[in-house]
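Novice: Position chain L relative to chain X; hints supplied.
Protein chains: 2
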Amino acid sequence: MCEAAAYIIRNGKEELFLEDVDIIEPEGDELRLVSIFGEQKVIKAAIQSLNLVNHKVILKER
Amino acid sequence: MCEAAAYIIRNGKEELFLEDVDIIEPEGDELRLVSIFGEQKVIKAAIQSLNLVNHKVILKER
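Respectively, the protein sequence lines represent chains X and L.
One rule links them: number in this note's numbering = place in the first sequence (from 1) + 2.
One rule links them: number in this note's numbering = place in the second sequence (from 1) + 2.
Bound conformation, chain X alone (with noise of 0.2 Å):
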């Protein structure tokens, strides 16, 4: 499975956000995450780095 991990960038460490990340939409300023189990998260934050390979998704706030 392609899934991903969904980091923020907070006092310049990475915090989790959401595990196993399917799909990610940009909604407004405004970020809406779905898992591959259906959990769904909205947060006012922008990507900063998409990394594939690496499964990886780092978020930044707004």
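Keep in mind that a hint or two might mislead.
[Unchecked claim] Here are the simulated DMTMM-like cross-link-like pairs (lysine to aspartate or glutamate), alpha carbons at most 25 Å apart as the crow flies:
(1) X:43 with X:29
(2) X:43 with L:27
(3) L:46 with L:31
(4) X:62 with X:27
(5) X:15 with L:27
(6) L:62 with X:5
Rather than coming from a laboratory, the hints here were simulated on the basis of the structure.
Since the model is a prediction, treat every value here as computed from it, not as a measurement.
Specialist: What follows is chain L alone, placed relative to chain X:
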């Protein structure tokens, strides 16, 4: 491998922009995409949606 194909929406249709994408990094109002083969492309676009399980990234031009 978990690379994805990136498509850009033009005239309402999805056009393949870059295959085997590993890394996506927003830089200002541009996106830098790097494939697993090191091919790099920059486009004035935003991420419209990511679907990691389906290996699909949809971009929209700015």
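Novice: Give a verdict on every hint.
Specialist: How the hints compare with the structure:
1. Between residue 43 of chain X and residue 29 of chain X the CA atoms are separated by roughly 12 Å; this keeps the pair inside 25 Å, and the hint holds.
2. Of the supplied pair hints, the one linking residue 43 of chain X and residue 27 of chain L holds, its CA atoms being roughly 22 Å apart against a limit of 25 Å.
3. A threshold of 25 Å between alpha carbons decides the hint, and for residue 46 of chain L with residue 31 of chain L the separation of about 6 Å falls inside it, so the pair holds.
4. A hinted pair counts as satisfied when its Cα atoms are at most 25 Å apart, and residue 62 of chain X with residue 27 of chain X qualifies at roughly 15 Å.
5. Between residue 15 of chain X and residue 27 of chain L the alpha-carbon distance is near 18 Å, which keeps this suggested pair within the 25 Å criterion.
6. In summary, the hint linking residue 62 of chain L to residue 5 of chain X is supported, as the alpha carbons are separated by about 22 Å, within the 25 Å threshold.
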